[in-house]
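Chemist: As a plain string of letters, each chain reads:
2 protein chains.
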Amino acid sequence: MSAFTLQSLMQQAGGLLPGRDDVARYLQDDSGLQAAGNPLMVLRPATTQEVVAIVQACHREGKRLTVQGGRTGLAGGAVPDPGDVVLSLERMNRVESLDPVGGTVIVQAGVILQDLCRQVEAQDWYFPMDCGARASCQVGGNVATNVGGNRVLRYGTMRELVLGLEVVLPDGTLLTMMNQGLKNNTGVDLKHLFIGTEGTLGIITRAVLRLFPKPRQRHSALVALASSADLPVLLKQARTHLAGLSSFEVMWREYLQAAARVTGLQEPFAGAHPITVLLEIEDWAAQGEDGAEALQRFVEECATRSLVTDAILPQSQAQAAQLWHLRDSIDEILREIRPFVAFDIGLPLRHLEDFLQRTRQRLEALNPQAHQFLFGHLGDGNLHLSTGPYPEGMLLQVESLVYQEVERVGGSISAEHGIGRVKKPFLHHSRSAPELALMRSLRRLIDPDQHLNTGRVIDF
Amino acid sequence: MSAFTLQSLMQQAGGLLPGRDDVARYLQDDSGLQAAGNPLMVLRPATTQEVVAIVQACHREGKRLTVQGGRTGLAGGAVPDPGDVVLSLERMNRVESLDPVGGTVIVQAGVILQDLCRQVEAQDWYFPMDCGARASCQVGGNVATNVGGNRVLRYGTMRELVLGLEVVLPDGTLLTMMNQGLKNNTGVDLKHLFIGTEGTLGIITRAVLRLFPKPRQRHSALVALASSADLPVLLKQARTHLAGLSSFEVMWREYLQAAARVTGLQEPFAGAHPITVLLEIEDWAAQGEDGAEALQRFVEECATRSLVTDAILPQSQAQAAQLWHLRDSIDEILREIRPFVAFDIGLPLRHLEDFLQRTRQRLEALNPQAHQFLFGHLGDGNLHLSTGPYPEGMLLQVESLVYQEVERVGGSISAEHGIGRVKKPFLHHSRSAPELALMRSLRRLIDPDQHLNTGRVIDF
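So the sequence lines, in the order shown, correspond to chains P and A.
Here the first sequence is numbered in the numbering used here, starting from 1 and rising by one per residue.
Here the second sequence is numbered in the numbering used here, starting from 1 and rising by one per residue.
The shape of chain P in the complex, shown without the other chains (with noise of 0.2 angstroms):
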């Protein structure tokens, strides 16, 4: 297929043109940027030999290439510039292969979560990714934007959960590392290179995941807390004492509030709190202890010792589901205080109070209309900070105070949305300057000509 034009993969590769309306949608991602103006063609393969084709022939021809999964992003990373050829994966949408002697499953890219982990639990494996686009995310862009998402405490982010690749490189080389099992050390790891670049480096096609035993059980419990200087003491508690723990969600007590509201859900507690934590446990343990006894004692010896003020224990998975739908209503909080920035952040839990302290004191003084909604995977040491409304003018003076804030700690500007267009300015403050070089350098190497995804994360 190496000899194909564009033009001609235009009727192979499920091609589109703009000016049809359902072009309209791969102009944008979930981040709110649009494209500026239309891309040269939409192309959809169906197989990895088509892929190569496509970037071969982008190769030659000298058109850029932007690589689209679900378009779920929150960094702007699926938006193409106008006259890019769009590559979007949505019809190799496989579940390829199931291993059940070693638990693996080989995936194309373009498989929707939701529906990989379906099919997956539908033959008594799990895959434990979650998410809240989980129904439109693909698992490519997964990989290649390494999600988190709620259950990382427990299994890692989405590298640890992937074991091998096949990846289509820059000058349309096909790189197969379809590696199977936990322990291989041939050298470079050379799969950590495209997991969480964000197709910069080069195009994932397939994967090879690890599974988990299904869990028989699951269960969740919400606890207050009288202070957030109390995190650090439940979760290493939580992690001591529940075998299973899987979730650690904390919200502070304005977030839950708005969360209420916006859902037309009751507030959980009569009373406010400041911190709420959503404790969830997976537990295989299914011939010992029932899940929801050891989580009720747990609660029970926490309150005992004034380290949990008032606690929810569900009583049903309808209730248990309510209070999951609390912790995943930012998209509906965030319609309410447009034009907000909604950051990202990773820092040391040592650091939680201090950051907190100076940056809510210094958006304060900013604009003291504006919100502040904080809600995080703090067993990961994730932190989301919604703040707005501002005027437009001021957005970019909010996303700098605050970055300065995250460096002054030894942060990450992005836990686990990544870079994108959005944040690309930003990466200086997390990223040393020798970090930058070496990151530029090995772009350089694996697309001297800067025809994928140009314009993200990093440029040389």
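If you are wondering where the hints come from, they were derived from the structure by calculation, not from laboratory data.
Hints are all accurate, no fakes.
Short derived list, chain A residues pointing at chain P, Cβ under 8 angstroms:
1) Gln180
2) Leu193
3) Gly196
4) Ile413
5) Gly418
Cβ coordinates follow ideal geometry from the N, Cα and C atoms, glycine included.
Fit chain A to the supplied structure of chain P, relying on the hints for placement.
Modeler: Same frame as chain P, now just chain A:
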């Protein structure tokens, strides 16, 4: 320090010259390889700045560097070439700080693994890495070789336990990536270039490691199976029903018998079973059921279903230690079968039976007198096959034969020991031509003068 010469660094950085008795130990590692001649000098820096100065001086003076940790490697990676400057990290042996809030520790590269584990446990935290060389291997070497060991099933390899690194590049650039969080998506996760690449791309000087709450209980059980075909079934059952499963160590009959003989311990079972599995759980749920009871009930249920044909549940720590002593006695066994080849294979479990049948048959055909001892971390798809004695002239043939079979089932020629010098000629059995090409171009990019650990892993 950038203007220092190697001569002046001899004084400052704990230099040793060949001729002294104590230099002999820097000429070898646990692979059995021995340097063909003396190094130029051995330098033992005490600080990162001294490492930078040494690398810069070598760069300027055109000298090659061999980096050494505890010299416990089994692939010859630490053995210098004649005339090399040997850089030993042994004096950078401090645990710098432990963060009890976030559960992380910052260490210098030369800390001995066992010392680290003890210091961490004294502060009520836990670093779960464990391997046979624990008493002399160093954390920097553990990272550089991505050590695996006995608890990968639960905690991952060293790669999953490293949050951040400090690395000196071959040109003397100091690359500081001391990330402390589980989530950090800010471009290329550069640390993976240095994890498992055995010092060919940079010298690891410090690391941030992830800690876990200290387990309250640890229990083991030894169970016998009728056939290796039952292994995947038992593994999935154990992963499903034993919260806290940390080890799944398999010993074949010939291995267990030899282990009993060389250790002077009694054979654990009266009868000879084809396969035994050593299970370990680390039970954090101290408030819940006793771990020993859970393990006993699990084993009984497996016995009821005839999956397990015999079992030993140790009644004391001492008895459990004896079982682990059997499992850890490979070094003593190897002494009896020289000249031998000890393989460290990764393979998909579904191919285990087929791989073993063909490989054992072919080895027997080659030399019916040679023993074949098999054990492995099968929970990670990691099989150790040790075979000998062979006439010296036949060893290469043995390696080629086994690696052909590994390639046939899509396995890895090194699951955890690495490539070093010993497996370098066989790397193509596990990595494709495009992978090897990319690995070469990375090495050329980062060490264009090829002066760091030359002759290991891959050349360009």
